[in-house]
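**Q** If you're matching them up, the sequences are chains A and B in order. Going by this note's numbering, the first residue of the first sequence is number 1, and it counts up by one from there. Going by this note's numbering, the first residue of the second sequence is number 1001, and it counts up by one from there.
The set of hints was computed from the structure by calculation and includes no laboratory data. Some hints could be false.
Just a sample of chain B residues kept apart from chain A, beta carbon distances all over 10 angstroms, derived [what the hints assert, rightly or not]:
#1 Asp-1034
#2 Gly-1038
#3 Glu-1066
#4 Ser-1068
#5 Gly-1073
#6 Arg-1084
#7 Tyr-1089
#8 Ala-1116
#9 Asp-1117
#10 Ile-1120
#11 Met-1127
#12 Leu-1143
#13 Leu-1156
#14 Asp-1231
Using 27 angstroms as the maximum straight-line C-alpha spacing, the simulated BS3-like pairs for lysine-lysine come out as follows [as the list claims (entries may be wrong)]:
#15 A:Lys-258 x B:Lys-1077
#16 A:Lys-111 x A:Lys-140
#17 B:Lys-1077 x B:Lys-1036
#18 B:Lys-1227 x B:Lys-1036
#19 A:Lys-258 x B:Lys-1036
We treat Cβ as the ideally placed atom computed from N, Cα and C, and that holds for glycine.
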Amino acid sequence: MTDPAVVVSEVTKRFGAKVALDAISFEANHGELFGLVGPDGAGKTTLFRILTTLQIPDSGRATVLELDVVKDLWAIRSRVGYMPGRFSLYGDLTVRENLSFFASVFGTTLKEGYSLIAPVYRQIEMFADRRADALSGGMKQKLALSCALVHRPDILFLDEPTTGVDAVSRREFWDQLAILRESGLTIVVSTPYMDEAMRCDRIALMQDGRILQIDSPREIGARYPLPLVEVFGRDRYRLLLALRKAPHAHSVYPFGTKLHFTDDRKNYDRAKVAAELRDYLAREGFGEIEINPIEAGIEDRFMDLMPSVQRAS
Amino acid sequence: MTAVATQSAELAIVAHDLTRRFGNFTAVDHITFDVKAGEVFGFLGANGAGKTTAIRMLTGLLAPTEGSARVAGLDLKTQTEQIRHRIGYMSQRFSLYEDLTVLENIALYGGIYGLADSEIAERSASMLSALGLTDEMVSRLPLGWKQKLAFSVALLHEPAIVFLDEPTGGVDPITRRQFWEMIYAAAARGTTVFVTTHYMDEAEYCDRISIMVDGRIATMGTPLDLKREFDVPSIDELFVRLARPA
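Given only the sequences and the hints, what does the whole structure look like? Please build it.
**A** Written out as structure tokens, the structure is:
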């Protein structure tokens, strides 16, 4: 176990004229909770399909648990757990039947896999005889995770497990991932939700088949290159338009009830940015404005790194 | 009755005890709320809380079992057909035709909404320039652009109210914000926006929100008032507290 659990080196994959993955490289360590963060079309699913041996890269090389994804596909398949983005269980089988089926495919039984899946499975065990189709979204997701775990894999690949799932179920799901990570399992997970990325050990920000940056969630924010302040006030839309016209405005984006204002002067004191903005907004007729210097988060950094996207008009 | 009639001039939606049962399961359980004209109203709830059923009733796709509602000043039970002409709808997943071009899609929906050819031509041109799009196959557009186009098409017939069901799922963070700016712009022109989302930061972009739990509206108010009332730092916290199943 000297090499990292996942090693991806210059992997490229095209579909016709579209480049789904453009010479991607990264490593995920043993026992790490590694996140691929990016919107639809970033290439996350293609990457998972390559790592789980369902697709072959056009060029580049990738290993999972020191096994080559092209040459050693059968050896890899028995050692990875994979939860695809789309619900892929058998809707007309019951919860228990689905689990037994996936266990048997890997030559094991539900009983043998039980201890690993228990923290997740216990929450749906009372519905063991219900058809999978009749489960709620959150429960389907728990069943899918149980099925991906039942053969005791050494590494788990989860492709957007929380997409379309409500905020409560998402939080519960990430609590369960934290427990699995504690048990030593390596987990590679993708998500379009930037807030979830905070719960990973390290993340790769992905967009249009490229990796924009890889780091711990905290470091990603710390790399933000320009002074950032949050602005809070009434009539947010008018405030947003006014801030875009402020001197030295680099970008202005809504964040919840606040607006994030990035100044275009590198290393300029954030307190000064706040003071100047306060004066500017007072001149523009805005009263009761609150402005605070802040540290950038993942989403700030992601938007700053996004190439070739047209800025809001 | 007269009170409701006079109010409905400023109220885009008035729902009273709206209920829908499927067999012995009550999906929507006596919900009462109103949405002001020009308001951005966030309709939140966990999966299975009854949001989709409520939206299907409000858009005239599903008859209520009990209760009443007025949508755009029209009675949901007796004026369903007129309501359909006064509302726009954009679903969770992209709802345009992938194998038609942008203009063909606009023309198709314009025709369905009964717009004259001259109106379609005029609005097509202004829509393309506002979005910065050229006329190409819809299948070739990135997801974010498709969603912005779908929203514009939902506004094509200048509806009083537009219903958006998770319009920003899977969309990158910049496009997500551009989408919300389009929502603000529509609201500023007087269109009422009724929107669902799983992004809790987006909930805070709304003028008012409601949170549905088990078929009922558990709470409703401005994001700021609700955070004060429940003493929570974010709507995310509030949502988790209210919606976590027992």
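**Q** Asp-1034 of chain B clear of chain A by more than 10 angstroms, beta carbon to beta carbon?
**A** holds (23 angstroms)
**Q** Ser-1068 of chain B clear of chain A by more than 10 angstroms, beta carbon to beta carbon?
**A** holds (28 angstroms)
**Q** Straight-line Cα separation of Lys-258 of chain A and Lys-1036 of chain B no greater than 27 angstroms?
**A** Given that 27 angstroms is the threshold and the Cα spacing comes to 23 angstroms, the pair holds.
**Q** For a C-alpha distance cap of 27 angstroms, please report whether Lys-111 of chain A and Lys-140 of chain A respect it.
**A** holds (20 angstroms)
**Q** For Lys-1227 of chain B and Lys-1036 of chain B, compute the direct alpha-carbon distance and say whether it is at most 27 angstroms.
**A** holds (21 angstroms)
**Q** Over 10 angstroms to the closest beta carbon of chain A is the bar; see if Asp-1231 of chain B clears it.
**A** holds (16 angstroms)
**Q** Over 10 angstroms from every CB of chain A: does Asp-1117 of chain B meet that, or does the non-interface label fail?
**A** holds (28 angstroms)
**Q** Would you check whether the claim that Glu-1066 of chain B is not at the interface survives, using Cβ distances to chain A and the 10 angstroms cut-off?
**A** holds (24 angstroms)
**Q** Grab the minimum beta-carbon distance between Tyr-1089 of chain B and chain A and tell me whether it stays above 10 angstroms.
**A** holds (18 angstroms)
**Q** Beyond 10 angstroms from chain A, beta-carbon-wise, is Leu-1143 of chain B?
**A** violated (5 angstroms)
**Q** Say whether it holds or is violated: Gly-1073 of chain B keeps its Cβ farther than 10 angstroms from all Cβ of chain A.
**A** At about 26 angstroms from chain A, Gly-1073 of chain B clears the 10 angstroms cut-off, so the statement holds.
**Q** Examine each Cβ of chain A, and state whether all of them lie more than 10 angstroms from the Cβ of Met-1127 of chain B.
**A** At about 14 angstroms from chain A, Met-1127 of chain B clears the 10 angstroms cut-off, so the statement holds.
In this structure, the hints that do not hold are numbers 12, 15, in rising order.
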